[in-house]
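Visitor: Sequence:
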Amino acid sequence: MFYEIRRYQSLPGRRAEWIGYMEDVVIPFQTANGMTVTASFADEEDEDGYVWIRRFESEARREKLYAAVYESDRWKKEIGPVVHGLLIPERSVVTRVTPTPASPLQ
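Numbering (the working numbering), first residue to last: 42 to 147.
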């Protein structure tokens with residue numbers, strides 16, 4: 042099992058709109074397609090920063106879920122364009138992490 046910690050930068054002044062879209066559309070769509078979203082955060086030190094975390098059971102499962110979400114017509118035609126209109130894509134950072142033996146997230 043591993044996690045993705047995803048750090049995004051919204052366009053200046055649009056973080057509240059981004060969080061609303063994430064909570065109302067993106068997260069429900071992804072979870073309906075099998076993704077496990079474990080957390081969502083507004084950065085307290087960066088007014089346009091946002092962080093969220095997803096969990097995957099294996100690399101094979103991640104690949105299957107990525108295909109189900111990002112190759113879907115709804116993502117390509119509806120959700121993806123809105124996401125790209127609210128974020129600065131080149132500022133996105135994705136970090137894969139594995140819980141340590143004593144981590145409560147095992």
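Simulated from the structure, these hints should not be mistaken for lab results. Hints are not guaranteed to be accurate.
[Said to hold, decoys possible] SDA-like mimics (lysine to any residue), calculated; alpha carbons at most 20 Å apart, straight line:
#, residue 1, residue 2
1, Lys-105, Ser-144
2, Lys-118, Leu-128
3, Lys-117, Leu-106
Visitor: Could you run down the list of hints and mark each one as holding or not?
Guide: So, going through the hints one by one against the coordinates:
no.	hint	in the structure
1	Lys-105 / Ser-144	violated (26 Å)
2	Lys-118 / Leu-128	holds (17 Å)
3	Lys-117 / Leu-106	holds (15 Å)
In terms of the numbered hints stated before, the structure departs from hint 1 and from no other.
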